[in-house]
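Novice: Okay, here's what each chain looks like letter by letter:
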Amino acid sequence: MSEYRVQFEVFEGPLDLLLHLVKKQEVDIYQVNLLRIATEFVTYIEQMRELDLEIAGEFVVMAATLLYIKSRELLPVDKQVAVAVEDEDTEDPRWELIRRLVEYKKFKDAAARLQERESLMDSIYEHRPARPELTAPEPVRREAASVFDLVNAVATILKRYNERTDVREIQADPYTVSEKIDYLRQLSVGRPRFPFSELFASARSRAEVVVTFLALLELIRMKLFIAVQTEQFGEIEVALAPTPPPGSVPTPSESAADGTIPVDSLPPQSPPADIVEPTPARAPDQLPEANPVGSDTETPQTA
Amino acid sequence: MELKSILEVLLFTSQKPLSPTELRDVLNRAADEEGAEEHVKALRKTPPEDIVAALETLASEHDAAARSYRLVCVAGSWQFVTQPEYAPWLRSFLGVKARPSRLSAPALETLAIIAYRQPITRAEIEQIRGVAVDGVMGTLKERNLVVEAGRADVIGRPMQFATGPAFLEYFGLPNLDGLPAADELRRIPVQRPEALLTVDNHLATAPAEPTQQELPVDTVDPSVNAPEATVEVPPAEPPAPAS
Amino acid sequence: MELKSILEVLLFTSQKPLSPTELRDVLNRAADEEGAEEHVKALRKTPPEDIVAALETLASEHDAAARSYRLVCVAGSWQFVTQPEYAPWLRSFLGVKARPSRLSAPALETLAIIAYRQPITRAEIEQIRGVAVDGVMGTLKERNLVVEAGRADVIGRPMQFATGPAFLEYFGLPNLDGLPAADELRRIPVQRPEALLTVDNHLATAPAEPTQQELPVDTVDPSVNAPEATVEVPPAEPPAPAS
Numbered sequence: 301m302s303e304y305r306v307q308f309e310v311f312e313g314p315l316d317l318l319l320h321l322v323k324k325q326e327v328d329i330y331q332v333n334l335l336r337i338a339t340e341f342v343t344y345i346e347q348m349r350e351l352d353l354e355i356a357g358e359f360v361v362m363a364a365t366l367l368y369i370k371s372r373e374l375l376p377v378d379k380q381v382a383v384a385v386e387d388e389d390t391e392d393p394r395w396e397l398i399r400r401l402v403e404y405k406k407f408k409d410a411a412a413r414l415q416e417r418e419s420l421m422d423s424i425y426e427h428r429p430a431r432p433e434l435t436a437p438e439p440v441r442r443e444a445a446s447v448f449d450l451v452n453a454v455a456t457i458l459k460r461y462n463e464r465t466d467v468r469e470i471q472a473d474p475y476t477v478s479e480k481i482d483y484l485r486q487l488s489v490g491r492p493r494f495p496f497s498e499l500f501a502s503a504r505s506r507a508e509v510v511v512t513f514l515a516l517l518e519l520i521r522m523k524l525f526i527a528v529q530t531e532q533f534g535e536i537e538v539a540l541a542p543t544p545p546p547g548s549v550p551t552p553s554e555s556a557a558d559g560t561i562p563v564d565s566l567p568p569q570s571p572p573a574d575i576v577e578p579t580p581a582r583a584p585d586q587l588p589e590a591n592p593v594g595s596d597t598e599t600p601q602t603a
Numbered sequence: 022m023e024l025k026s027i028l029e030v031l032l033f034t035s036q037k038p039l040s041p042t043e044l045r046d047v048l049n050r051a052a053d054e055e056g057a058e059e060h061v062k063a064l065r066k067t068p069p070e071d072i073v074a075a076l077e078t079l080a081s082e083h084d085a086a087a088r089s090y091r092l093v094c095v096a097g098s099w100q101f102v103t104q105p106e107y108a109p110w111l112r113s114f115l116g117v118k119a120r121p122s123r124l125s126a127p128a129l130e131t132l133a134i135i136a137y138r139q140p141i142t143r144a145e146i147e148q149i150r151g152v153a154v155d156g157v158m159g160t161l162k163e164r165n166l167v168v169e170a171g172r173a174d175v176i177g178r179p180m181q182f183a184t185g186p187a188f189l190e191y192f193g194l195p196n197l198d199g200l201p202a203a204d205e206l207r208r209i210p211v212q213r214p215e216a217l218l219t220v221d222n223h224l225a226t227a228p229a230e231p232t233q234q235e236l237p238v239d240t241v242d243p244s245v246n247a248p249e250a251t252v253e254v255p256p257a258e259p260p261a262p263a264s
Numbered sequence: 022m023e024l025k026s027i028l029e030v031l032l033f034t035s036q037k038p039l040s041p042t043e044l045r046d047v048l049n050r051a052a053d054e055e056g057a058e059e060h061v062k063a064l065r066k067t068p069p070e071d072i073v074a075a076l077e078t079l080a081s082e083h084d085a086a087a088r089s090y091r092l093v094c095v096a097g098s099w100q101f102v103t104q105p106e107y108a109p110w111l112r113s114f115l116g117v118k119a120r121p122s123r124l125s126a127p128a129l130e131t132l133a134i135i136a137y138r139q140p141i142t143r144a145e146i147e148q149i150r151g152v153a154v155d156g157v158m159g160t161l162k163e164r165n166l167v168v169e170a171g172r173a174d175v176i177g178r179p180m181q182f183a184t185g186p187a188f189l190e191y192f193g194l195p196n197l198d199g200l201p202a203a204d205e206l207r208r209i210p211v212q213r214p215e216a217l218l219t220v221d222n223h224l225a226t227a228p229a230e231p232t233q234q235e236l237p238v239d240t241v242d243p244s245v246n247a248p249e250a251t252v253e254v255p256p257a258e259p260p261a262p263a264s
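Residue numbers (my numbering), protein chains in the order written: chain A, 301 to 603; chain B, 22 to 264; chain C, 22 to 264.
Same shape as in the complex, but just chain A (with noise of 0.2 Å):
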């Protein structure tokens, strides 16, 4: 008993239990069997009936119809009545059926393809950007500060630090600024462009290191040399400046290839944009040891 309730609860209306019916004959709709239908139609409402189901209004209409069909195709051919031409009132009720059958096992098709993107939909998930500093990094990430703040904090710190250890063993460097900045100079000549970490290749000591550095810095300090970083994750490039104009700054350059804003706040004429220079190194002279660094949350320490 359960089978059958659940056999007749499948279908959604008769339409839908007569294209059930039209699938078992396997033909084309339109070559259908209809006295075939009408009689297999007629038996499940009889079986309804008998397991007491509610039979809904429409299945029995729709049986009506059916017997009506059958009726007359029982008929003789010539007792059949011949519609007139030209009474439109006059549905062949066979056409009017298979027509309603057709458009609806089209909508059935239609809404079985819209089920079909409805479970696509599940699979589909949007581009969602979190917020927009983690899509749109350069803009913002970028304008505050570039890798050269950091190294010239770093030559700051050195700076003084040597300042403030042993005098002699200052004296007792080999190396000093000057020097250094002729050799930089030299190593320049013929070579526009070479990498930074090239600058301390043949440093025999820390020492040398470190003012090797400060040389770079007092040139940049000078718009001898200016540090270029091409891309953003790029090795950073020791260049010679290209001479401006007596008085000028370098001229905005349409290359802005990274997006880069210049550290300092933008003056009327910033400086190429994929050219980032950093803030002057502090002449030696500047930097007093006791308040080295103006700032009002610091406070000197006892030394």
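In case anyone wonders, no lab produced these hints; they're calculated from the structure.
Glycine included, C-beta positions come from ideal geometry on N, C-alpha and C.
Treat each hint with caution, since some may be false.
Unchecked claim - Beta-carbon label-pair distances, calculated as ranges:
# : chain 1 : residue 1 : chain 2 : residue 2 : range
1 : A       : V342      : B       : A85       : 56 to 66 Å
2 : C       : R178      : A       : R491      : 48 to 58 Å
3 : B       : K162      : A       : V402      : 23 to 33 Å
4 : B       : R123      : C       : E55       : 12 to 22 Å
5 : B       : V117      : A       : A541      : 50 to 60 Å
6 : B       : D155      : A       : Q347      : 26 to 36 Å
Given the coordinates of chain A, assemble chains B and C onto it according to the supplied hints.
Specialist: Frame of chain A, contents of chains B and C only:
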């Protein structure tokens, strides 16, 4: 800088789908920004059709690249979405997508009829489905998949229905023309064998003599009487998409 | 389904950068899901080096495609970022405010010391800088440029500091080895006046005012006291990426 690349980067960073109008607004706003460069200013007042064309080019480029995501238009707005075959990983990573419960088969049938034949009255829907649709219509309206769309200009002035703002989004469709087989289903099929008079009791529909009287639509041209003849119902105006 | 496409789609939908480890976790989780299909299970325990290789391939593919965005690795985690030349439009679209004011010179110096010498105690920083750093340390911690990194293994067990999750992003560095002249600058020569005693061999510097309390019982190594002595700071482990 190409327009399409700019649109792409905007869609790439957007937290919601963007319509061509919204995209144009961004171009205009950037152009009006103080100190905007020439190439930014140049895109002020980009014609909407240029934007749509650029978006379509972009979408084809992404389709051709066959990556794990693509650019699609849903309900007139553009967004990047993932390809469905990566769902197993995304489900573990992002969790099961929050989606409204699936529609029942009767609801889907009813919705399909409304989608292709809108605006349509309840009586017309029931005529096609062969059953009453009160229950499912309630569900569909509640979920904004279906909305009321004015009264039909016939006796009794019955209410007509159309697809609602949630419809295109729910199925991920760009517009109503994006419905599968839209052309075919918008037409009322009147394919009519030349005759339905049987020559044999067991062959209900074998052709016999041509008749032409039962064509349900009154615009019948005798020449249209061929088996494949159809009468076109002009595509309904899509309802204004929800904003 | 190619590994790189799966990684791509995960990065594409992620709301934060993902490390190879996190990506591998997703692959494993998806493989362990009940009813996972064979091709999903097959990626369980993908070797980390395969993941990194796939990510690198992906990044080159995206670079070659020259779109408005690309895939990059920052601080060991991978993410899609936009190309900088679209900043004018993105700024007006996202309403990006200028970043909080750039770091002051004292803050930068302090940060530089921490970057090259991490982990490092506040006393050590102050020793190098010669001033107290309470104010700037607050700022740096607030902006996640500096984080606490456990306690030093010396008397008093002072807190140590390391660069925080925002540090590499702030400077656009791939990792701590990307610090300019890292090798050289990690070994800033420290010449110790004879009066000063080192607290610990691993400390970058000697304390400014050695007091009895600070003197460790047994770690004073006379050799460290030599004028030319330098203390190498081993390259610090990069801090765990922010999650």
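Novice: All hints, please: hold or fail.
Specialist: Cross-check of the supplied hints:
Remark: the range hint 56 to 66 Å for V342 of chain A to A85 of chain B is upheld by a beta-carbon distance near 57 Å. Range check, R178 of chain C to R491 of chain A: Cβ separation about 52 Å, and the 48 to 58 Å hint holds. A hinted range of 23 to 33 Å for the beta carbons of K162 of chain B and V402 of chain A is consistent with their spacing of about 29 Å. The hinted window of 12 to 22 Å between R123 of chain B and E55 of chain C holds, with their beta carbons roughly 21 Å apart.
For V117 of chain B and A541 of chain A, the Cβ-Cβ distance of about 59 Å falls inside the hinted range of 50 to 60 Å, so the restraint holds. Restraint check, D155 of chain B to Q347 of chain A: a C-beta distance of roughly 27 Å satisfies the suggested window 26 to 36 Å.
Hint check: no violations occur; every hint is consistent with the structure.
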